[in-house]
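Visitor: These are the residues of each chain, in order.
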Amino acid sequence: MSLNYWQLFSYYVFLFPLVMSVVYAVGGVYFWFRREKRSEATERTIPTEQWPHVTILVPVHNEGATIQDTMQNLSSLDYPDYDVVFIDDNSVDNSADIIREHLKTAQNFHLIHLSKNVGKAAALNNALTRIGDTPIVVVLDADTTLKSDALKWLTLPFTYQPRLGAVTGNPVARNRKNLLEKIQTAEFASIIGLLKRSQRVMGRVLTVSGCATAYRTDVLIKVGGFSSNSATEDIDITWKLQKAHYEVWFAPKAVAYIEVPASFSSYWKQRERWALGGWHLLRTHKDIFQRWEHRRLWPIYAEFFLSYIWSLLFVFGTATWIVTSIFLAEPAGLNPVPAWTGAVLIFACLFQFGAALLVNRQYDKTLWRAFFYVPWYPLFFYVINALTVVWTAPKGLMGSLNNVGKWQSPARKTVKPLVQG
Amino acid sequence: MNKLQTSKNKELTILNKVINVSSTSLAWALILGVVTWVIGALGWYAVGTIWNQHLFVPQSVRSTAVTVLLLSAWLLILFALFSAWKAYNQNRYFRNNKRSIEPLRSANKPIEWAEITIDPEEGNFLKSEQVSNES
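Line by line, the protein sequences are chains A and B.
The first sequence begins at 594 in the working numbering and counts up by one.
The second sequence begins at 66 in the working numbering and counts up by one.
Calculated from the structure, these hints are not laboratory results.
Any given hint could turn out to be false.
In the EDC-like style, the derived pairs of lysine to aspartate or glutamate whose C-alpha atoms are separated by at most 20 Å in a straight line are [as the list claims (entries may be wrong)]:
1. A/K958 x A/D742
2. A/K709 x B/E180
3. A/K846 x A/D742
4. A/K836 x A/E886
5. A/K846 x A/D671
6. A/K815 x A/E886
7. B/K174 x A/D674
8. A/K745 x A/E629
9. A/K709 x A/D686
10. A/K697 x B/E177
11. A/K815 x A/D726
12. A/K697 x A/D662
13. A/K745 x A/D674
14. A/K836 x A/E896
15. A/K630 x A/D742
16. A/K846 x A/E629
17. A/K958 x A/E629
18. A/K879 x A/E896
19. B/K174 x A/D811
20. A/K836 x B/E167
21. A/K836 x A/D880
22. B/K151 x A/E629
23. B/K174 x A/D726
24. A/K836 x A/D811
25. A/K709 x B/D184
26. A/K988 x A/E865
27. A/K709 x B/E186
28. A/K745 x A/E642
29. A/K697 x A/D674
30. B/K174 x A/E642
31. A/K770 x A/D662
32. A/K745 x A/D671
33. A/K709 x A/D690
34. A/K815 x B/E167
35. A/K697 x B/E180
All chains, please: the whole structure from these sequences, using the hints.
Guide: As structure tokens, this is what we get:
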């Protein structure tokens, strides 16, 4: 009896997301029950004078459309002692002029102008050498705004846990007008929110959210700062910190409002960069398997590797089925038309989103509205992400890593903050 | 009289323009809202159809029930695993706390400049980093 490989692959394509959706949902709810719901009554607090000084670093490259809102937001944070350093990465628009206007009135605002465009990672490294000996730096994207108490939630864990290297915030979609934005709202809650919680339960996280994360400055410098040799500097720094035995925590109460891509082309570009960053992670951090002391990172790497295998099988299996169904009476490959397996996977997606709604509703009161558009989100999450993984595979596996992190900011719209305070 | 009428006409023209622009914007917002809602509703219709044709049919009852049972068992196993892992970490990892790590430093030298311009190639302490683990 010959082994039917396509049958085997179809089991994998069906079972991997099914099994993992239960892992994310259970892990997410477990984290929420232990660290969020139960801890509310015994919340730690510290006196005002004991909050450590924080320096917020905001890399800016042609962000004239959004920087005004970001500055307004950063001038009214509920935190006793903080500086904000904007790093103008040689913008060609009016970003630097808008920032300069604010320097006159805000004493804690500063501007570093870089004479050459070097990309986010190198811009941040340049700033790290110029900001004195601040104990904590928070890296914030130029189009991201913080809930007024977010800085406290990002900083608080550092005051009682010396093993911490970074604390990542909870990104919530701010723009939710068109269908793509609504689907991403669901995706951010269902995938990123649950994923980070479940990974924290397991002990290590795949990545911090590059849009809003706090780092211990001395640790950041000790591991060599941010790397320009990865398409996603946030994934890379997370692994560098954890390989150096520092913890990376997730602070769900540190809500950061982000602008999600509003058009399909910018959505594709963002996912393409993320997928490329994933390939770079697989390439540059595979050495964890050579050292027993890195064993706690093995499950996260293995899960990520298996998700990339899933994407490859899904795309090539579907392509094979489409081609062979045109030319052959009995097509080979993986049939993408949803049948029983598709029906079960949709159920799993809805179950996962239900769990996300439960754990994230206290930070995002209108998240339930995105539930109406959830049936479309598997299409985006599974199909688009799988396609970007395949699309970036040659560059990710064989392309040079030198300065690959230097990228252009996506097109921005001017949007008003969804919620403040 | 004529001047007054001309000025009134101008005001009316501006008012008409404002009404036209706002009603057109409102109409488009309504149309796009309805289209988005219809797409959302179509998604639920598709889910209902797929479930109706493949999940809630007599020939699928057994496999669906077995899958739900297996997933429930997986859910319970995971919950038990997470609880055990938490207990292990609490006892061995955090309480023993073998790694000697310095606590967060409290001193801070204030930033004394408002704006500086720097050459990134001079200031970047990562500039000499080479890609050492490229495959």
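Visitor: Now, for every hint given, state plainly whether the structure supports it.
Guide: Going through the hints against the structure:
no.	hint	in the structure
1	A/K958 x A/D742	holds, 17 Å
2	A/K709 x B/E180	holds, 16 Å
3	A/K846 x A/D742	holds, 8 Å
4	A/K836 x A/E886	holds, 9 Å
5	A/K846 x A/D671	holds, 14 Å
6	A/K815 x A/E886	holds, 19 Å
7	B/K174 x A/D674	holds, 12 Å
8	A/K745 x A/E629	holds, 16 Å
9	A/K709 x A/D686	holds, 14 Å
10	A/K697 x B/E177	holds, 14 Å
11	A/K815 x A/D726	holds, 13 Å
12	A/K697 x A/D662	holds, 17 Å
13	A/K745 x A/D674	holds, 11 Å
14	A/K836 x A/E896	holds, 17 Å
15	A/K630 x A/D742	holds, 18 Å
16	A/K846 x A/E629	holds, 9 Å
17	A/K958 x A/E629	holds, 16 Å
18	A/K879 x A/E896	holds, 13 Å
19	B/K174 x A/D811	holds, 14 Å
20	A/K836 x B/E167	holds, 17 Å
21	A/K836 x A/D880	holds, 10 Å
22	B/K151 x A/E629	holds, 15 Å
23	B/K174 x A/D726	holds, 6 Å
24	A/K836 x A/D811	holds, 16 Å
25	A/K709 x B/D184	holds, 7 Å
26	A/K988 x A/E865	holds, 11 Å
27	A/K709 x B/E186	holds, 8 Å
28	A/K745 x A/E642	holds, 13 Å
29	A/K697 x A/D674	holds, 19 Å
30	B/K174 x A/E642	holds, 16 Å
31	A/K770 x A/D662	holds, 19 Å
32	A/K745 x A/D671	holds, 8 Å
33	A/K709 x A/D690	holds, 17 Å
34	A/K815 x B/E167	holds, 13 Å
35	A/K697 x B/E180	holds, 11 Å
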